[in-house]
Amino acid sequence: MTEVTFTINNLWILIATMMVFIMHLGFATLEAGLVQQKNTVNILFKNVIILCIGLLTYYVSGFNLMYPGAEYAGGIIGFSGFGLNLPDGTAGLSEYADGKYAYYTDFIFQAMFAATCASIVSGAVAERIKLMPFLVFVFLFVSICYPITGMWKWGGGWLNELGFVDFAGSALVHSVGGWGALAAIILLGARSGKYTEKGVRPIPGHNMPLATIGVFLLWFGWFGFNGGSVLSADPGAVALVFVTTCLGAASGALTTFMVSYWRFKSLDHSMVLNGILGGLVGITAGADSFTPGSAIIVGAIAGAIIPFSVVLFDKLKLDDPVGATSVHLVCGIWGTLAVGIFGSGKFFTQLIGVVIIGAFTFTFAFVVLYIIKKAVGLRVTEDMERRGLDITEHEMGAYQNIDRGNFAMAVAK
Amino acid sequence: MTEVTFTINNLWILIATMMVFIMHLGFATLEAGLVQQKNTVNILFKNVIILCIGLLTYYVSGFNLMYPGAEYAGGIIGFSGFGLNLPDGTAGLSEYADGKYAYYTDFIFQAMFAATCASIVSGAVAERIKLMPFLVFVFLFVSICYPITGMWKWGGGWLNELGFVDFAGSALVHSVGGWGALAAIILLGARSGKYTEKGVRPIPGHNMPLATIGVFLLWFGWFGFNGGSVLSADPGAVALVFVTTCLGAASGALTTFMVSYWRFKSLDHSMVLNGILGGLVGITAGADSFTPGSAIIVGAIAGAIIPFSVVLFDKLKLDDPVGATSVHLVCGIWGTLAVGIFGSGKFFTQLIGVVIIGAFTFTFAFVVLYIIKKAVGLRVTEDMERRGLDITEHEMGAYQNIDRGNFAMAVAK
Amino acid sequence: MTEVTFTINNLWILIATMMVFIMHLGFATLEAGLVQQKNTVNILFKNVIILCIGLLTYYVSGFNLMYPGAEYAGGIIGFSGFGLNLPDGTAGLSEYADGKYAYYTDFIFQAMFAATCASIVSGAVAERIKLMPFLVFVFLFVSICYPITGMWKWGGGWLNELGFVDFAGSALVHSVGGWGALAAIILLGARSGKYTEKGVRPIPGHNMPLATIGVFLLWFGWFGFNGGSVLSADPGAVALVFVTTCLGAASGALTTFMVSYWRFKSLDHSMVLNGILGGLVGITAGADSFTPGSAIIVGAIAGAIIPFSVVLFDKLKLDDPVGATSVHLVCGIWGTLAVGIFGSGKFFTQLIGVVIIGAFTFTFAFVVLYIIKKAVGLRVTEDMERRGLDITEHEMGAYQNIDRGNFAMAVAK
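Chains as they are written, first to last, in the working numbering: chain A, 1 to 413; chain B, 414 to 826; chain C, 827 to 1239.
Worth flagging that the hints you see were computed from the coordinates, not collected in a lab. Built from N, CA and C at the ideal position, the CB exists for glycine as well. There could be a bad hint or two in this list.
[What the hints assert, rightly or not] Straight-line distance between alpha carbons at most 16 angstroms, and here's what the computed EDC-like set of lysine to aspartate or glutamate pairs gives: (1) C:1141 with C:1023; (2) C:1020 with C:1140; (3) C:1020 with C:1208; (4) C:1091 with A:3; (5) A:265 with B:808; (6) B:513 with B:416; (7) B:607 with B:727; (8) B:730 with B:610; (9) C:1024 with C:1140; (10) A:317 with A:197; (11) B:678 with C:1219; (12) C:1091 with A:382; (13) A:265 with B:416; (14) A:194 with A:385; (15) B:607 with B:795; (16) A:100 with A:3; (17) B:611 with B:727; (18) B:678 with C:1221.
[Stated by the list, open to error] Take a look, some chain B residues computed to stay more than 12 angstroms from chain A by CB distance: (19) 420; (20) 431; (21) 464; (22) 606; (23) 721; (24) 761.
[Stated by the list, open to error] Cβ pair distances, simulated, as ranges: (25) A:81 with B:482: 54 to 62 angstroms; (26) A:371 with B:545: 29 to 37 angstroms; (27) A:144 with C:1209: 53 to 61 angstroms; (28) C:1167 with A:131: 33 to 41 angstroms.
Take these sequences, add in the hints, and give me the full structure.
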């Protein structure tokens, strides 16, 4: 490994870091677009704060819990101290990560991943969760839960020893976020008026351009999420990951489109947006090992799952305003299992990983949220929900002048 | 060519791929911002599906039609089989493209270009074309028409032999999209109420921030569109391309601004946005060969053309809601010819390229669209057009809660 | 320095250039989101034109005023001629900038910085400044004022000789923009109705999603703003800058959040957005020399300053619709001084730099704006201000159909 190769690898991981960063804007705009107008500021606020808590938490302890280093590796849990501890006192350049990239690079790339988990939850619990209790949950989820299961595979733990494969996090990131979301929406309950005696009442998102921006930015960021997970600038590997990622996303969108149209006679734009995300989540576990042809199949199945999954969660009266459980949990599981079919071939190992990660994460999230619920409550009052969280929590509207000043002026003319 | 240089070149083309990808969000937001609110979901939906169809189509056949390889090169048409065929079974690293970048890298970079053509058309036909017939056209346009003319130059075909120069696609991408748009708007006819007995009725776009986001993202992506077309990370060449691209865009905006102001007494924001795009399209054919000074002149002329061109198309009653024909067709032609003046010096060769590419593309698009029109119709009903395609095709509005729930609540207080 | 290292360094600076470019969209969307709806097109228009004027001006003379070269260095002012003058006639590759990157790369990276200064001003003067006089000011500010103080440090001038440290521009870019903004809002006066006998009337921004997009894009671009200021792809240095930049931003947001909540009982989203920006501005001067721990402290202090500063400016009746003076001027000063505490240790030298740069810039901006004010006036008429600049300057609304056609249709149903 020469100094030059080190520099190139390091540069690519840093660029990938920027890309994963912009996924947080993707989540923020997607979730904002898919909620009702009256809860827009609230969801934006949460996404901003989640990212900031995530980064700082991961600095304080998360990184060292997820990557405890050789001494602790191979096990269930380990911790190598608070803050950033340069392994050799020389900016961690030459000795770190097989000389592939700098210590600080590793930290910041992984830190951007950590915060995405909580963003997944924030969409599912939108429009009815209390801000402060949710931030407490985010803090615990990102600082403890996510790094532990992450360590099992990426930190060299027992799942890694077992031969479990999860390239960029269909299970470790997306299903983990999805399990957290599932626990939360079970404990929270549905939004008022969502499930009526007459059936499911659709509560459409308030801003489709915003949601579309979100999905494009998520895809954009996924180039770094998956491409950076190669952990080097290896030309063949990164190029393949770009191809599988894009083909998976594209085929996901098209099967969602086709299934929605033929099965439900619908050209629902937000469904197709979730089809793209389903394809992306599905491809993530095996983006480096699928062939382009397999990628199309994996994405297509993910996309076909989406409309059925969304309908199923509604049948179960599990109210998820943005479809996060369908996208991240269901397609995350599918993608992880798909590696057992199209990639490593170890289907049973993949299944074990999915189940144990799910059991741990769901239990952690459920217990934490249950305690919070009993202690201070999770849900806003009915009156707050009706009036919207923007006014009641933040005392501001998302589109101040559209509602008031100018509109009146415009119609008066 | 060392392994390290290969890695750097490959990395840059992949990064450029991400940038061209985000241009699709640029097109989506620009077009959404420039149409009426009632057709917003429809245009977003189309842009999402176009990208996905484009990528998959290019995977199946487009790439091999555009780059048929040495055996078929030099001619009019060639095809090297379906899917991705690694030339040497080793991920196409060392033997491919003079060892400059990986086979998969080449594919995904070119695939991102292919879909842009159809996005250009989608803006021009907005607010009145039927969704499904349009998607059929997109499929044929991207899978057959674009790769054939592309092969003439970039695949080593007859235009390349002739000395025709089109660095990053003023002709091969932008004018091709523009010719498709022209054929389509001739066959479709103008939007109802656009051309009245009293003259042209302006139908302003519904969301200027969205349109502005679109143009900035397109400029942002153009760094990859033009910069990646260097096909290596050669420092001098990429740096020059960045400079000419930015200066062309900037001078395009300023001349549009000045011409609009002095000639039409207008500070029309959407016109200036199109001035930027005109400058970018104009610079694209010669971004690697113009001096910075020439780039400013080429961009300035493109920007000066825009307001006149927009007025001219309206005089011809060719209704183009977003100005795509002015930006991509007219400035694409200008940019291609400009290479003959400021670059290669072979003006006549450039003119031949413009004319033959135009004749082929316009004919292809016209015939395909004519057949579709006769077979199933191209245009939505008058009632659908009046009510808007969001409600009539997608059963959803772009801004659900702004129109209903919250607004009523806000004024009631 | 090998050719390969040159290529990597050059590539990174070009990528950083793209990132700084997208900050202009960040400024445009942030400012548009924080003004009233009736002035949205106007602020978007200004941001577009500012960028274009900035790039062209910097090409014509700014670059050569800021980097006059060895012969003029060390002094107060120097100029090496108009346009781009390749130092050695070979694209400036090998001999330029210690062989670290190409001449054109240097130009375009610096040109992107130059235009940001004026964008900072545009937010503060929003909703009441006349377009054309403002553009004249921008032209003079970017072409003369910014390059001169920039040269004092980055061009090798007297502040550099003195040991003054400003890594990426807390003082040279942000405080310079902030001083310009301060001079302008003093001369312009507050928006009508902002300061009443009953106290300060809040004029909330009209579009929080747009403002949020702006801040995320600014953070995104800051990876290039700070990361590119390393002026090479040095792995340890760029990685550290990424870490300090992100931790500074995150801790800025959290302290603004906490201070706002505990001191003002407010969960004001736009305040937290400015907290992020305050953290970013604060970290910029020492992003390469702070430890991660110091970065958190510097960002936290910046974030804690923001709510108090915003209140203070309002007490002084200095009306700044977007909080640009708090973010860029106050936090820019803080960040520059912070280097004297946590970085270089030369607090007094930092103070000298802050004061002299401020004195020069404020005086320049004040005099130029005063002359413009006396000559043609700076401020729009009361009637224009009341009706909004979109209609009165641009004859168009930002959200045409939301206000009119469709809304009426939607409620009629």
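A quick look at each hint next to the structure:
1. C:1141 with C:1023: Given pair residue 1141 (chain C), residue 1023 (chain C) holds - Cα atoms ~13 angstroms apart, limit 16 angstroms.
2. C:1020 with C:1140: Judged against 16 angstroms, a Cα distance of about 9 angstroms means the pair holds.
3. C:1020 with C:1208: Cα-Cα ~13 angstroms, so holds.
4. C:1091 with A:3: Status violated; Cα separation ~52 angstroms.
5. A:265 with B:808: 11 angstroms, holds
6. B:513 with B:416: 9 angstroms, holds
7. B:607 with B:727: 9 angstroms, holds
8. B:730 with B:610: 12 angstroms, holds
9. C:1024 with C:1140: OK: residue 1024 (chain C) and residue 1140 (chain C) at ~13 angstroms, within 16 angstroms.
10. A:317 with A:197: Measuring from Cα to Cα gives roughly 12 angstroms; hence the hint holds.
11. B:678 with C:1219: 10 angstroms, holds
12. C:1091 with A:382: 22 angstroms, violated
13. A:265 with B:416: Violated - the C-alpha atoms of residue 416 (chain B) and residue 265 (chain A) are around 53 angstroms apart, more than 16 angstroms.
14. A:194 with A:385: 12 angstroms, holds
15. B:607 with B:795: Distance of about 13 angstroms is within 16 angstroms: holds.
16. A:100 with A:3: Distance of about 9 angstroms is within 16 angstroms: holds.
17. B:611 with B:727: 13 angstroms, holds
18. B:678 with C:1221: Holds: residue 678 (chain B) and residue 1221 (chain C) sit about 11 angstroms apart, inside 16 angstroms.
19. 420: 5 angstroms, violated
20. 431: Violated, since 5 angstroms does not exceed 12 angstroms.
21. 464: Non-interface label on residue 464 (chain B) violated, nearest chain A Cβ at 7 angstroms vs cutoff 12 angstroms.
22. 606: Check passes; 20 angstroms lies beyond 12 angstroms.
23. 721: Correct as stated: the minimum Cβ-Cβ distance to chain A is 31 angstroms, above 12 angstroms.
24. 761: 39 angstroms, holds
25. A:81 with B:482: 54 to 62 angstroms: At roughly 56 angstroms between Cβ atoms, residue 482 (chain B) and residue 81 (chain A) fall inside 54 to 62 angstroms, so the hint holds.
26. A:371 with B:545: 29 to 37 angstroms: 52 angstroms, violated
27. A:144 with C:1209: 53 to 61 angstroms: Once the Cβ atoms are compared, 60 angstroms apart, the range 53 to 61 angstroms for residue 1209 (chain C) and residue 144 (chain A) holds.
28. C:1167 with A:131: 33 to 41 angstroms: 34 angstroms, holds
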